[in-house]
Each structure stands twice: as C-alpha cells, then as structure tokens.
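Asker: Spelled out from the first residue to the last, the chains are:
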Amino acid sequence: MNVMDTRATSAMLYLDGVHVSFDGFHAINNLSLTLAPGEMRAIIGPNGAGKTTMMDIITGKTKPDEGTVLFDGVTDLTRLDETRIAELGIGRKFQKPTVFESQTVQDNLLLALNVDHSVKGTLFWRGSRAESERIDKVLETIRLTDARNRLAGSLSHGQKQWLEIGMLLAQDPKLLLVDEPVAGMTDVETHLTAELLKEINKTHTVMVVEHDMTFVRELGVKVTCLHEGTVLAEGTIDQVSSNDRVIEVYLGR
Amino acid sequence: MTPHMLTRSLDRGAAIFLMVVAACGILIPLSNLLLPTGSFLQVPTYLVALWGKYVCYAILALSIDLIWGYCGILSLGHGAFFALGGYAMGMYLMRQIGTRGVYGNPILPDFMVFLNWQKLPWYWYGFDMFWFAALMVLVVPGLLAFCFGWLAFRSRVTGVYLSIITQAMTYALLLAFFRNDFGFGGNNGLTDFKDILGFNVQAEGTRAALFALSCLALIFSFLICRSVVSSKLGKVLIAIRDAESRSRFLGYRVESYKLFVFTLSACMAGVAGALYVPQVGIINPSEFAPGNSIEAVIWVAVGGRGTLVGAALGAIVVNYAKTFFTSGVLAPYWLFMLGALFILVTLLLPKGIVGTFSAWRESTRERRPAATSASAAAEDGITEPNMAE
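Residue numbers (the UniProt record's numbering), protein chains in the order written: chain A, 1 to 253; chain B, 1 to 389.
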C-alpha cells in the first residue's frame, strides 16, 4: 500500500512542488498548497490558471509529472485511480453539473451513498431504513424533497447543481472538491448555496473553485489565487483582491 | 406517481411478454404434434424450426440489449459468442454421429478422416458427453468475453473504438474457423447431425421439444436480464452508460461492472447459439461474419434499445420480414431494405418500436389525468361501486 507509517503532515490535503505539462504546455507549475482538516478554502484565478487541472490531479484523473500529493497526511494520491481515491473519501462536484439525467433525483442520491460499491454488493442490494433516512435528510438539505421522483434531467440548472452537491453529501467524503458551484445561478440561489456550503463545512473539509467574487466574499474564508499553474497570492479576500499582482493578472498589463 | 406507474406499466409489458412466450412454447409444439397434418390449426414442422430460430435470435438480441441498452457497450461482434456456443453444441452433435458417418470412424468426425488426421485433437475431448458440451456452451464464450473485456475495459477502450475491436475479434475468429487445420471443419463447418441426447434431431418430436426449450431459455434469459437491470446494479449500469467518469468519482469500479455484464451477456449469446445449431442443423464460419453481428444490433435498435422486450420483439419482427422478403421476388433487395429500415428507425423511431410506444402511452396519460386515475384503479383490481344496483 501507499500508506506511510506515520503522518508526514497534519494537513488534510498537501500538495508540494507539483508539475504537469500537456504537450509542452505547463498547466501546473511548482504548485504547493495545504488544506487543514475542517478548513474551507476558496480557489480563484483567471481562465487557464490550472484550477480544474489541480482537481483532476487530486482526484486521480490526471497524473502529475512530479511532486507530492498527500491526502490525510498518509496517502499518496498520485499512485491511485479515481475509484480508489473516491473510496478513500474525496468527493468532487464538476464544473458542468453532472448528474445521472435519466434517473430520478432519489436514485441519483442512492447511487452516491457511500455503501458497498462492489458488483456483488449492488447486485444483491437490499434497501435499508438507515439508507432511506439518509436520502431523506439530504433531499431536505438540498431542498429537493418534492422533486425526489422527478428525472434528474428535468431539473433546472440550479437544482442540478444542488443535486450534485447533495450527491457529495450522500457520498459523505472527508474532503469535498467543488468546482464552480454557482455558475448559472440566480442571486438568491447563489446566496442559498453559500449558506449550504458553510453548513457542509461544519463537518467536512471543503475546497471551492469559483469565479463569482460576491459568492467568495460571502463564504468569508481564506482565498488562494492561482495563475499559470502556481499560487500567486493567499489570504483573506480583501488581501488577495488588493494584491498588485492579482490585479495585474485579472485586468491585464 | 409517474415513475411508479412507469415501472408498473413496464412490469405489465414484461408479464404480457412472458405469457406470450410461454403460450407459444407450449401451444406451438402441441399443435404440431397432436393435430393432424394439414389441419388448419396445425403448425407445420418447417415453421416450428423457423420460429425456433427466431426465438434463438431473440435471446441473442436480449444479450445485446443488456450491454448496449443499459451499459452503453456497443458490441459489433456479439455474433462471435453466439457462434462459439453453437460450435460447442455442434461438437457434441458431431461426436454423437459415431460410426454412422460416411467414413464410419467411431471417434473421428468425417472431416478429420478426410484430412487424414490420426487422432482426435485435445480440444475435442469431452465433447462426447452432453454435460461437458453444455458447460462449454457457457464457459467458452464467457471466457473469451472475460479476457477480451478485461483487456479492453481496463485500458478504458470505449465507444467507437470498442465497437471496432469487437468487430475485429469476430472477423479474426471467422478467418481462424475457415482454416481446415484449425480443427472445426473449416469452410463446411459441422453438419450431418444425427442425435441429440439419443433423440433424432430431424424427428418432429425433437424439433418441437427444441422449440419449447428455446422458449424456456428465452424466458430465463429475460428474467435474468430483468433482475439485473432492476437491481441497484442496473442503476449503476445506467449511470455508467450516461456519465462514466462521474460513476468513477463516486467510487464505482466501472471496469468491473462492464466486465460482469459483458461476460454474462456473452454466456447468454452462447446459449442462444447452442439452441440454434440443432434446429438449423449446421454451424459454419459464416456465423462469425461481421454482418451477422451488425444485423443483430439492428434488431435491438428496431425493437427499442434499453427495453428488453423490444429487443426480443425486434429480433422476431426483423427476421420475419427477412424470411418474408428473401423468399419472394424482392429477394435481391433485402440488404437494401435492411439498411433502409435501420436508417428509418434511427431517424423516425430513435427509441425503437417499444420505446416509442411507451413514450406515447406516457404522453397520452399525462394529457388525460382523470382517465389515468380511473385506469390505474382498474389495474389495481378496484371495482367501483355500481350505481345502478
């Protein structure tokens, strides 16, 4: 196994000196980042800053050329595949809402529940009271109780975003990676999403990638600004947004 | 409310399907055997054999629907598993010929004597025993599918690329089985069968029994497919079909699911082939022809992908049409018609016959909510109080 004897770090997520290049393009360049257990972190940065690539590395979709990626202080994520990393307790919400459109809202959550995911386990699966109670609870949290029997494909864009967050809740991972959760949402929905993430953060470590500055400000958490695959600035939203280099990157020279 | 009714209507469709197959499986053989030849209701023996062939095709179609309709794996080489099952049965039937062959060799089938072979190749051992052959009908296609799938799914070969390599697989087998020194009768394949389990394969009674058995196998295959797709595993399969990488990020080992369902499907196709061979009396390499596999995919598309009942129905409808058209003046144009059928179905009925029918049923129900509740009540067996009394 890739588990070391002792924790190398107390961080929930630890990235050090990570490099990735695609055909000579350096998507991630000496990226180092630490997330403490229970923390919520907002990641901002212009297009092409490497935000999504970073999530791909953490979830095993992309293998880094070099660098260390440690989860929970002990597990080297660069050697594992997506399924194994998901089993370890890292959940991911995609930039474009990705739900199982031809299945009901309820079934989407059922599929996300962190129960036995083996072929045998699902073939002989019998629903339990505990499972349906958990689904009910998640439905309530994401305000989709009335839509539970609707097909996920028939939901509005905002509802799909929430359903995907709900699937993360059902998965109950230690670390949630949330990519642009409020893209395409109304102001009210954006506000409710911020509330929802703050609620989730009470029990989970969260990393949020977002462009919407009002939303990031509302979260009120530490912000990391990425640029050209490396950390440009880190601090409160006020510190980061008054940083000269950040302004330069966002507004152009 | 709607999904509940949907599942119920599907269940009713399934129940009707099973009853029709069971009724055919009982009544057609009885009519063939008990009624006097030439009577109006008597099903002639040639029709029993022909319909038996359709039933085998329906099982093959079900196996394709299980992987294509529910898991998005478009196999264009499923005919290979069908043919392998057929060859396993054919080998048993060859060994049963014994001394009744042209050369009268008690061990070696005629084609081996003809090729001057002195002894039986090792891979023909055991095929004189029915149980062993029956086991091989499942094991050979299953093992090939498992190895093929293990390599393909682990390397994450999907979509068109997977379809192309399944096609290449069946083509490679076609070429191999054509060779005389491969030991399966080469170009001519295996034929001139005499007995199956001691019964004459040509006899009316045997044909009727094989037909009934094929119907039974269709029922079993349908029940297996249905229990797979209605379990939680079925939901995972659909999830993989619709958003494969999402399923991985939820912690599902996609390749294991694909491997399971692909192997199961290949075993079913093998059984279909094994029942097919004694009814048509021959198995030769042309069964591996890529065209056959593509045709089988068309049956599923016509009947309705992802509906199970539709797949079986599509196989029967298209093959009936094939028999009808290829036996008349239109015979030279059948392939054009098949192509046109596929294009028309893709353009006009993308959900196939059964898929379009259930979508239409759903839409009429939504338009008439009052009638819906009344009919739902009637389905539940609730009799409304009769006002007149």
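Honestly, I wouldn't trust all of these hints.
The following label-pair restraints were derived from C-beta to C-beta distances [as the list claims (entries may be wrong)]: (1) B:ASN188 - A:VAL115: 21 to 29 Å; (2) A:ARG150 - B:ALA203: 43 to 51 Å; (3) B:ALA176 - A:HIS26: 43 to 51 Å; (4) B:LEU143 - A:VAL115: 30 to 38 Å; (5) A:GLY153 - B:ILE343: 23 to 31 Å; (6) B:GLY291 - A:VAL115: 19 to 27 Å; (7) B:LEU143 - A:GLU234: 38 to 46 Å; (8) B:GLY159 - A:SER10: 56 to 64 Å.
Pulled a few chain A residues facing chain B out of the computed Cβ check, cut under 10 Å [to be verified]: (9) ILE90; (10) ARG92; (11) GLN95; (12) VAL99; (13) SER102; (14) LEU111; (15) VAL119; (16) GLY121.
Calculated from the structure, these hints are not laboratory results. No residue lacks a Cβ here, since even glycine has one placed at the ideal position from N, Cα and C.
Asker: Would you mind marking each hint as holding or not holding in the structure?
Answerer: Hint by hint, here is what the structure shows:
1. Checking the proposed 21 to 29 Å range against ASN188 (chain B) and VAL115 (chain A) shows it is violated: the Cβ atoms sit about 55 Å from each other.
2. In this structure, ARG150 (chain A) and ALA203 (chain B) break the distance hint of 43 to 51 Å, their C-beta atoms being roughly 57 Å apart.
3. Separated by about 49 Å at the C-beta atoms, ALA176 (chain B) and HIS26 (chain A) satisfy the suggested range of 43 to 51 Å.
4. Between LEU143 (chain B) and VAL115 (chain A) the Cβ separation comes to about 31 Å, which falls inside the hinted range of 30 to 38 Å.
5. Range check, GLY153 (chain A) to ILE343 (chain B): about 27 Å between beta-carbon atoms, so the 23 to 31 Å window is met.
6. With their beta carbons about 45 Å apart, GLY291 (chain B) and VAL115 (chain A) fall outside the hinted range of 19 to 27 Å.
7. Restraint check, LEU143 (chain B) to GLU234 (chain A): a C-beta distance of roughly 56 Å breaks the suggested window 38 to 46 Å.
8. Under the hint 56 to 64 Å, the C-beta atoms of GLY159 (chain B) and SER10 (chain A), about 44 Å apart, miss the expected range.
9. The restraint placing ILE90 (chain A) at the interface with chain B holds, with a minimum CB-CB distance near 9 Å, inside the 10 Å limit.
10. The criterion of a C-beta within 10 Å of any C-beta in chain B is met by ARG92 (chain A), whose closest approach is roughly 5 Å, and the hint holds.
11. Taking 10 Å as the C-beta contact cut-off toward chain B, the hint placing GLN95 (chain A) at the interface is violated, the least distance being around 12 Å.
12. Given hint, VAL99 (chain A) at the interface with chain B, holds; its Cβ is 8 Å from that chain's nearest Cβ, closer than 10 Å.
13. Given hint, SER102 (chain A) at the interface with chain B, holds; its Cβ is 6 Å from that chain's nearest Cβ, closer than 10 Å.
14. Hint on LEU111 (chain A) holds. Least Cβ distance to chain B is approximately 5 Å, under the 10 Å limit.
15. With 10 Å as the threshold, the beta carbon of VAL119 (chain A) comes within range of chain B, its nearest partner Cβ sitting at about 5 Å, so the hint holds.
16. Look at GLY121 (chain A): its Cβ gets to within about 8 Å of chain B, closer than 10 Å, so that hint holds up.
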